[in-house]
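So the protein sequences, as listed, match chains A and B.
Okay, so the first sequence: first residue is 1 according to our numbering, each after it adds one.
Okay, so the second sequence: first residue is 1 according to our numbering, each after it adds one.
Warning: the hint list may mix true and false statements.
[Said to hold, decoys possible] In silico contact screen, one side only, chain A against chain B (beta carbon under 8 Å); selected entries: (1) 70; (2) 133; (3) 186; (4) 230.
[What the hints assert, rightly or not] Label-pair distances were calculated between CB atoms; the ranges are: (5) B:357 x A:119: 35 to 41 Å; (6) A:399 x B:316: 21 to 27 Å; (7) B:114 x A:119: 19 to 25 Å; (8) A:109 x B:406: 27 to 33 Å.
[To be verified] Computed list of chain B residues with no C-beta within reach of chain A, every gap over 12 Å: (9) 213; (10) 267; (11) 320; (12) 400.
For the record, the hints were derived by calculation from the structure and aren't laboratory data.
Positions of the beta carbon are idealized from the N, C-alpha and C atoms, including for glycine.
Listed below are the residues making up each chain.
There are 2 protein chains.
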Amino acid sequence: MPVEAPRHIRLTSHSGGFGALPIQWGAPTAPERGPVVGTTTNRSHRNVIGTHSGSYSVYRALAVASGALSRQHRADLTNTSPTDIIGPYPQWTDPSKIVSLDPWGAMVSEAFAAELGAGYDIRPTIAVTQAHVILPEVIEGLQAGRLKADGRVLTSGGAAMVTKAAIEPVWWLPGVAKRFGCSETDLRRVLFEETGGMYPELVTRSDLEVFLPPIGGQTIYIFGDPRDLADPSVELTARVHDECNGSDVFGSDICTCRPYLTHAIEECIQASQRGGVGLVAYSRKEGRALGEVTKFLVYNARKRQVGGDTADQYFARTECVAGVQDMRFQELMPDVLHWLGVRKIHRLVSMSNMKYDAITGSGIEIGERVNIPEDLIPADARVEMDAKVAAGYFTPGAVPNAEELKKPKGRGLEKS
Amino acid sequence: MPVEAPRHIRLTSHSGGFGALPIQWGAPTAPERGPVVGTTTNRSHRNVIGTHSGSYSVYRALAVASGALSRQHRADLTNTSPTDIIGPYPQWTDPSKIVSLDPWGAMVSEAFAAELGAGYDIRPTIAVTQAHVILPEVIEGLQAGRLKADGRVLTSGGAAMVTKAAIEPVWWLPGVAKRFGCSETDLRRVLFEETGGMYPELVTRSDLEVFLPPIGGQTIYIFGDPRDLADPSVELTARVHDECNGSDVFGSDICTCRPYLTHAIEECIQASQRGGVGLVAYSRKEGRALGEVTKFLVYNARKRQVGGDTADQYFARTECVAGVQDMRFQELMPDVLHWLGVRKIHRLVSMSNMKYDAITGSGIEIGERVNIPEDLIPADARVEMDAKVAAGYFTPGAVPNAEELKKPKGRGLEKS
Chain A
1 MPVEAPRHIR LTSHSGGFGA LPIQWGAPTA PERGPVVGTT TNRSHRNVIG THSGSYSVYR
61 ALAVASGALS RQHRADLTNT SPTDIIGPYP QWTDPSKIVS LDPWGAMVSE AFAAELGAGY
121 DIRPTIAVTQ AHVILPEVIE GLQAGRLKAD GRVLTSGGAA MVTKAAIEPV WWLPGVAKRF
181 GCSETDLRRV LFEETGGMYP ELVTRSDLEV FLPPIGGQTI YIFGDPRDLA DPSVELTARV
241 HDECNGSDVF GSDICTCRPY LTHAIEECIQ ASQRGGVGLV AYSRKEGRAL GEVTKFLVYN
301 ARKRQVGGDT ADQYFARTEC VAGVQDMRFQ ELMPDVLHWL GVRKIHRLVS MSNMKYDAIT
361 GSGIEIGERV NIPEDLIPAD ARVEMDAKVA AGYFTPGAVP NAEELKKPKG RGLEKS
Chain B
1 MPVEAPRHIR LTSHSGGFGA LPIQWGAPTA PERGPVVGTT TNRSHRNVIG THSGSYSVYR
61 ALAVASGALS RQHRADLTNT SPTDIIGPYP QWTDPSKIVS LDPWGAMVSE AFAAELGAGY
121 DIRPTIAVTQ AHVILPEVIE GLQAGRLKAD GRVLTSGGAA MVTKAAIEPV WWLPGVAKRF
181 GCSETDLRRV LFEETGGMYP ELVTRSDLEV FLPPIGGQTI YIFGDPRDLA DPSVELTARV
241 HDECNGSDVF GSDICTCRPY LTHAIEECIQ ASQRGGVGLV AYSRKEGRAL GEVTKFLVYN
301 ARKRQVGGDT ADQYFARTEC VAGVQDMRFQ ELMPDVLHWL GVRKIHRLVS MSNMKYDAIT
361 GSGIEIGERV NIPEDLIPAD ARVEMDAKVA AGYFTPGAVP NAEELKKPKG RGLEKS
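Bound conformation, chain A alone (with noise of 0.2 Å):
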């Protein structure tokens, strides 16, 4: 294999072990970058601390526990490349915009045709499709008039077209550790210790750069054609959403998640529909990556303090509980923007100023910023949005007072 190996192929790097593909983190081209290597069939080539598919790594091996699938089985990819070009963009070789997914990870086929050929066992960590979406929202946009079928964006029976795109999480961790102002050195060490000890290698193994956590990653939804994201000359309008299975699935008129998530969608067609382009990015931090088990708690804890649900001990009641207001860190975030080369977000469907500040703060300038529209507010998540405003949350409309927050506006607890 050496003697034919085709070229960039190192075979043995300065520490990965033998066999093991330097990875090159912001390098001009995708030889140069390395492929990511999480592989569990040859230990040898593996130049990541952890695997491939998040948390659901723990399900494979599930899978080889019981006898259903070989450990030797290595994915046949015939077929599965994207269905649709994303990039490459500027951004993917600036060690500085993307430092929580791998670029590459779409085309690893084409991009790696060299190190798959010589035996490599190189994975997509992003995997791109075309599909047909039908929200129960969007027919009754139609109905009442709000939205306009045209056959190509969206048919009369619903459906809104998209490109979308499924992305793993893929941490260099120097460019991590910089986001979140530690050295990697803490980060590493806390990774490890405050997850009860997860991956030592995140502490032995200063040589492995790269982490593939077993968390969820992203989804994203592109509604018009995803080359127009990176022209800043083509209207965008974009909502970044963070998981919120409770109302997104089942409706909890707790918050305004699910509403505020299809009037994206709702603008996002419209966009594409008048000649620009519209972006969903869906990311998996379930109340505010606290998961939903703190979720409820803080629910009950709210709905049952002297004084009932009110604004001003919002935040308060899921600081008791969980230590901090909020886990989702928005300085992940604008990876997925910079991967898919947006420069300029015309219209940013979102309300937080965590969002904004990290978007701007990344260096995409954003213009117009679009509000939920109060009818599409629950009444019980009155103490949700008005806490949100009143701490920062952009609103066009009044921003209410100490003595408003102090009104028991959430609903009590009926059976307890």
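Let chain A serve as the given structure and place chain B on it in line with the hints.
Here is chain B on its own, set in the frame of chain A:
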């Protein structure tokens, strides 16, 4: 502390280190079972592998790394206790019935009051709350006359009253191994190796039998009185649903996930209104627990293959990419039903033979099986439905023959 420590607290275990309390899985009472202690603040108290909040422990680490969270923070659980009492049920103390969640996880404040008082950082792994859920499909059901508001289960505005619970995975490894038909030693080794080396304690600390895996958990939605779930004389309508973000949230038409889920919710509302009780158990197993990147890769392979997207190649395409057809492994799924005391499901809203077999195999009786109504199946999802029915899914209708399965019924890709 040792002198005043309340009864049942042994400050040393045989092997868990000084101060760690032993866990005796399936013991008859909570004090005998012992609390699950996954704290990162006092390491000598830990009696499990891993830590709380599943994947979100990684975000917790980022919170500490950035200086936002003190690593000494301990949750203030004031007012967070369950809104509805679940159990205890006889199933809780049968170590063959529940192996992947902590039945005492919702009531740690009561069950382990002595240990909490003695300074142990014991966190709930289950949170129970109440909610109003408003789904557009339910509103449409009201308008179409399929559903009737009664002001108790369903308001005229379309809000359904539920009790819901979020459940973190807590795996008792000897029991999990038994479910998968392998030895505990093999399970531990494979969990370590196939995740790329996560938690060496899996292989080095055989004395620690409980693992908090960094994977998503479950959420349950109860329509009616939770106590009725344990009464076989009360009609129970139930769906066990595995996450599909693309359909559940975004309404992709390639599968039937959201339509089946919202149909089940309608069935649950109706069941509750006629004096029964409804249950939806939602498991975080995106894309058959393969993750969304793999799922989208498979979509492309299906739609590009010679002959088009046909039912007869449906499972083969997944197997090419992933090595297995499915990684959801319903073996652990019935645990949540046993936690709720379920002994009989009168109407199971699912066509899956895997789910049916897992539930009945665990000793729960199933009456009727409810298929998804034909008019809720999107055209592009016909491929999946035919393939599943041919493979053994329940159907009250005809099973497609080999000729039928060869017909390309799925849409091709438009732009590639």
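Hint-by-hint comparison with the structure:
1. 70: holds (7 Å)
2. 133: holds (5 Å)
3. 186: holds (6 Å)
4. 230: Where the cut-off is 8 Å and the nearest Cβ of chain B is about 17 Å from residue 230 of chain A, the hint is violated.
5. B:357 x A:119: 35 to 41 Å: holds (40 Å)
6. A:399 x B:316: 21 to 27 Å: violated (58 Å)
7. B:114 x A:119: 19 to 25 Å: violated (59 Å)
8. A:109 x B:406: 27 to 33 Å: holds (28 Å)
9. 213: violated (5 Å)
10. 267: Consistent with the label, residue 267 of chain B stays out of reach of chain A, its closest Cβ about 15 Å off (over 12 Å).
11. 320: Violated, since 4 Å does not exceed 12 Å.
12. 400: At about 23 Å from chain A, residue 400 of chain B clears the 12 Å cut-off, so the statement holds.
In summary, the structure is inconsistent with hints 4, 6, 7, 9 and 11 from the numbered list given earlier, while agreeing with the others.
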